[in-house]
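A.B. asks: Order-wise, the sequence lines are chains A, B, C and D. Heads up, the first sequence is in the numbering used here, so the first residue is 1 and it goes up one at a time. Heads up, the second sequence is in the numbering used here, so the first residue is 1001 and it goes up one at a time. Heads up, the third sequence is in the numbering used here, so the first residue is 2001 and it goes up one at a time. Heads up, the fourth sequence is in the numbering used here, so the first residue is 3001 and it goes up one at a time.
In case anyone wonders, no lab produced these hints; they're calculated from the structure. Some clues are possibly wrong.
[Unchecked claim] Short derived list, chain B residues pointing at chain C, Cβ under 7 Å:
(1) I1004
(2) V1021
(3) A1025
(4) T1028
(5) H1029
(6) E1052
(7) D1078
(8) P1080
(9) I1081
(10) L1082
Every value quoted in this text rests on a predicted model; they were computed, and no experiment measured them. Backbone N, C-alpha and C fix where the C-beta goes; we use that ideal spot for every residue, glycine too.
4 protein chains.
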Amino acid sequence: MASILIGVMGPGETATTAQQVTARALGTHIAQQDWVLLTGGRNVGVMAAASEGAHNAGGLVVGILPGANTQGMSPFVDIPILTDQGQGRNAINVLSCQVVVACGLGPGTLAEIGLALKAQRPLVLMEMPPTLPPMVRGLATSPVTVAAEVSQAITQIHQHLLHGISVSH
Amino acid sequence: MASILIGVMGPGETATTAQQVTARALGTHIAQQDWVLLTGGRNVGVMAAASEGAHNAGGLVVGILPGANTQGMSPFVDIPILTDQGQGRNAINVLSCQVVVACGLGPGTLAEIGLALKAQRPLVLMEMPPTLPPMVRGLATSPVTVAAEVSQAITQIHQHLLHGISVSH
Amino acid sequence: MASILIGVMGPGETATTAQQVTARALGTHIAQQDWVLLTGGRNVGVMAAASEGAHNAGGLVVGILPGANTQGMSPFVDIPILTDQGQGRNAINVLSCQVVVACGLGPGTLAEIGLALKAQRPLVLMEMPPTLPPMVRGLATSPVTVAAEVSQAITQIHQHLLHGISVSH
Amino acid sequence: MASILIGVMGPGETATTAQQVTARALGTHIAQQDWVLLTGGRNVGVMAAASEGAHNAGGLVVGILPGANTQGMSPFVDIPILTDQGQGRNAINVLSCQVVVACGLGPGTLAEIGLALKAQRPLVLMEMPPTLPPMVRGLATSPVTVAAEVSQAITQIHQHLLHGISVSH
């Protein structure tokens, strides 16, 4: 049976320290559940922190990279997928995950939230500006939850996997 | 010299009448400026209305379609581009336009707004929920304007083209 | 009704003079039939020559570009589609055409021939090494013809359009 | 350090028994070298046989799927990447591998050979019609070898990895 892939998306160069701390803990806990972590693969911000957390906890990390080579890739990516599609890869990121965790808001993350809603992938929102979750829920036809702590996010992912599996795959 | 392409993005099946009326008028006015209209090409909602407006005003309409054939395409599309990339085509929609007009908010439009911000394409927002424009501006490193009427949107597109041309192409 | 798009694909930097002369004449004749020319859009080789021929004969030229901007684009492209997908755009090139003309053989052209066969787009082969056409025909479930002269290619495109329209669109 | 990904590409529905036997053995031997197998992920032909061989030998199998869900996926895929890009995914297949093994010739495989040449990924050719290897070599600026047996293919992959690593990644 195929692995369960959980995505962690969020700002790159503009990520805050809080977002990176959360992302690293998300990576750790995702690996501890024996889920595979999927990120955008670059060596910055939320992607890098989540990858480090998961890899160091013994988990497997898939990085869906924007370029045609591994330049700028996080050293914690185990399986690099080279798309050469720039931001077009965001659609692949979202489709390939059973649950998408958006940790912090940037332009690329906003695109991934929209694509997750469109693809009806369950979403967990963390470290978001207060006006974002109600707006996202207003557009959603699939589950959207908000988590204040990483342990809560992990519980929500488990719930989404139980209820959402027929939708997501 | 290559044509100027202006994108009109917005909800499909869930578009309101007001959004479609605005989109049709946008299409008409875009054609009257001798700009080429670019949409997602399907025969529903904002895409269909904008295409009808532009085509009937004698303009050229490019449709970037999600599928591998022209099934479900607006009959007002002149140049169908078949991507077979589903929502992945949103990245192409945004990159190919010098200015993106988002008319109404749906999941796909949210993705296109995020991708336009990431690609630094100037954005004109219409028919949006009130919390959306401040959030988008908070993420933007390229021009974002809000238009209440179509004539105002056209004026803003002209301004974006004057100032934004070096960014967008 | 949507325009008829005819693709001309072939080598870029490595194109021979003969291939470019043929491509320029193909562009001219395609424009004279009121078909829209589609190419890979770059300012080299077969793409550039076909675009020049079609544009100068008053035709419309669509360029499906590999990058996220118009750098390196043929000045004869009227409608630039910016994919930022590198060679991934080859699939879009082929899907968007009702008939694909491959003029000369390079790695990218070989990919486009394979994709045209897979998508069952009718193919016209010109300026090919002698072992290529039998191999392509052996793999084909859609029409494949070989043209020695441009006028013959135009006749074959007309025939493909008559018989192949239900397949290709 | 990231894993080494080796691609095995070849016909799907039209694969011969010989091609499938070779592909299964390729999968087995690739897993035994601790390389990750990458295929197009579908449950037919060369993809399915290679995936079965690698998975059953304890290896990890990445499947780059054409659709937006796992319908029709080989049960031996461990990491499904859902592209929703149809044949457009062929470019991702090739870019993500350090060496591409083409086992048998179909339209999709022809596209992948062209894309591998364009991306300068080293190629190993197996089960090919006799006119194909000279044609491919004539277009190549990167290593192309022909293997008559699986053990020979594995030796060639080792050599390509030694010499080609700076090119491919």
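A.B. asks: A separate judgement is required for each hint: does it hold in the structure or not?
C.D. replies: Hints and how they fare:
no., hint, verdict
1, I1004, "violated (10 Å)"
2, V1021, "violated (25 Å)"
3, A1025, "violated (23 Å)"
4, T1028, "violated (20 Å)"
5, H1029, "violated (20 Å)"
6, E1052, "violated (14 Å)"
7, D1078, "holds (6 Å)"
8, P1080, "holds (5 Å)"
9, I1081, "holds (5 Å)"
10, L1082, "holds (4 Å)"
The earlier numbered hints that this structure contradicts are 1, 2, 3, 4, 5, 6.
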